[in-house]
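Trainee: Below are the chains, spelled out letter by letter.
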Amino acid sequence: NAGVTQTPKFRILKIGQSMTLQCTQDMNHNYMYWYRQDPGMGLKLIYYSVGAGITDKGEVPNGYNVSRSTTEDFPLRLELAAPSQTSVYFCASSQTGDYGYTFGSGTRLTVV
Amino acid sequence: GQQVMQIPQYQHVQEGEDFTTYCNSSTTLSNIQWYKQRPGGHPVFLIQLVKSGEVKKQKRLTFQFGEAKKNSSLHITATQTTDVGTYFCAADNYGQNFVFGPGTRLSVLP
Numbered sequence: 001n002a003g004v005t006q007t008p009k010f011r012i013l014k015i016g017q018s019m020t021l022q023c024t025q026d027m028n029h030n031y032m033y034w035y036r037q038d039p040g041m042g043l044k045l046i047y048y049s050v051g052a053g054i055t056d057k058g059e060v061p062n063g064y065n066v067s068r069s070t071t072e073d074f075p076l077r078l079e080l081a082a083p084s085q086t087s088v089y090f091c092a093s094s095q096t097g098d099y100g101y102t103f104g105s106g107t108r109l110t111v112v
Numbered sequence: 113g114q115q116v117m118q119i120p121q122y123q124h125v126q127e128g129e130d131f132t133t134y135c136n137s138s139t140t141l142s143n144i145q146w147y148k149q150r151p152g153g154h155p156v157f158l159i160q161l162v163k164s165g166e167v168k169k170q171k172r173l174t175f176q177f178g179e180a181k182k183n184s185s186l187h188i189t190a191t192q193t194t195d196v197g198t199y200f201c202a203a204d205n206y207g208q209n210f211v212f213g214p215g216t217r218l219s220v221l222p
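Protein chains in written order, with my numbering: chain F, 1 to 112; chain A, 113 to 222.
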């Protein structure tokens, strides 16, 4: 099993550009999450989904959008990138909302 | 929303010494999780505690949930260099997702 796969691993964006961070899981998990982690800090929830077609905002959703058209995929869209979005982005999944998360290896994004 | 605090923020120990990190909440928690993140890596789920006063062990790691379910601790006996990393607790946020604490960064000097 691949688990949770994130692409790309690294990306440099210019201010104002847009991009999509890809996340896919092969464990048939219903719950999926996007977190960002700033250097030396904890994880902040951006968006989450409890199943295909259902998404909800987390703690820091501004500047991001998500969709969940299938159980496997949960892409994160950045529109009009800003330097404040420089961070490491982690996607995670869980079978239920109250059990341990499986994290992807992360995408390191720099906005210049 | 749910908020959790962790202390200490950093801990430097000599290899072989013990280490403890504490996680505290102002509200009663339904359950709590612990994760480990190696430098440059991603968080890895260690354990979940559900019951008041619960104690679970994984080799040299001992996890405890407070009687009032407002705090938790992770204790590592006789640290090794492989224990280096940041340890996060995560508190259940009304059954929809987990809120992560700021983490305790552990360094182990050989």
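Everything labelled a hint here was simulated from the structure, so no lab data went into it.
Only a predicted model underlies this, so the values are computations on that prediction, with no experimental measurement involved.
From the three backbone atoms N, C-alpha and C, an ideal C-beta is built for every residue, glycine too.
There's no promise every hint is true.
As the list claims (entries may be wrong) - Cross-link-like lysine-lysine pairs, in silico, DSS-like; alpha carbons within 30 Å at most:
hint, chain 1, residue 1, chain 2, residue 2
1, A, K182, A, K148
2, F, K57, A, K182
3, F, K9, F, K44
4, A, K181, A, K148
5, A, K171, A, K148
6, F, K57, A, K181
7, F, K57, A, K148
8, A, K148, A, K169
9, A, K181, A, K163
10, A, K148, A, K163
11, F, K9, A, K168
12, F, K14, A, K182
13, A, K168, A, K181
14, F, K14, A, K169
15, F, K44, A, K181
16, F, K9, F, K57
17, F, K57, F, K44
18, A, K182, A, K163
19, A, K148, A, K168
20, A, K182, A, K168
21, F, K9, A, K169
22, A, K169, A, K182
23, A, K181, A, K169
24, A, K181, A, K171
25, F, K14, F, K44
26, F, K57, F, K14
27, A, K168, F, K44
28, F, K9, A, K182
29, A, K182, A, K171
What the hints assert, rightly or not - Covered stretches of chain A, as calculated for chain F (at least 3 residues, CB under 8 Å):
hint, region
30, 125-132
31, 177-190
Said to hold, decoys possible - If the Cβ cut is set under 7 Å, some of the chain A residues that face chain F in the computed set are:
hint, residue
32, P120
33, Q121
34, Y122
35, S164
Trainee: If a hint holds in the structure, say so; if it doesn't, say that too.
Mentor: Quick rundown of the hints versus the structure:
no. : hint            : verdict
1   : K182/A / K148/A : holds, 21 Å
2   : K57/F / K182/A  : holds, 26 Å
3   : K9/F / K44/F    : holds, 19 Å
4   : K181/A / K148/A : holds, 21 Å
5   : K171/A / K148/A : holds, 15 Å
6   : K57/F / K181/A  : holds, 27 Å
7   : K57/F / K148/A  : holds, 25 Å
8   : K148/A / K169/A : holds, 15 Å
9   : K181/A / K163/A : holds, 8 Å
10  : K148/A / K163/A : holds, 21 Å
11  : K9/F / K168/A   : violated, 35 Å
12  : K14/F / K182/A  : violated, 44 Å
13  : K168/A / K181/A : holds, 15 Å
14  : K14/F / K169/A  : violated, 47 Å
15  : K44/F / K181/A  : holds, 23 Å
16  : K9/F / K57/F    : holds, 24 Å
17  : K57/F / K44/F   : holds, 11 Å
18  : K182/A / K163/A : holds, 11 Å
19  : K148/A / K168/A : holds, 16 Å
20  : K182/A / K168/A : holds, 17 Å
21  : K9/F / K169/A   : violated, 34 Å
22  : K169/A / K182/A : holds, 20 Å
23  : K181/A / K169/A : holds, 18 Å
24  : K181/A / K171/A : holds, 24 Å
25  : K14/F / K44/F   : holds, 23 Å
26  : K57/F / K14/F   : holds, 25 Å
27  : K168/A / K44/F  : holds, 27 Å
28  : K9/F / K182/A   : violated, 37 Å
29  : K182/A / K171/A : holds, 25 Å
30  : 125-132         : violated (count 0)
31  : 177-190         : violated (count 0)
32  : P120            : violated, 14 Å
33  : Q121            : violated, 9 Å
34  : Y122            : violated, 10 Å
35  : S164            : violated, 16 Å
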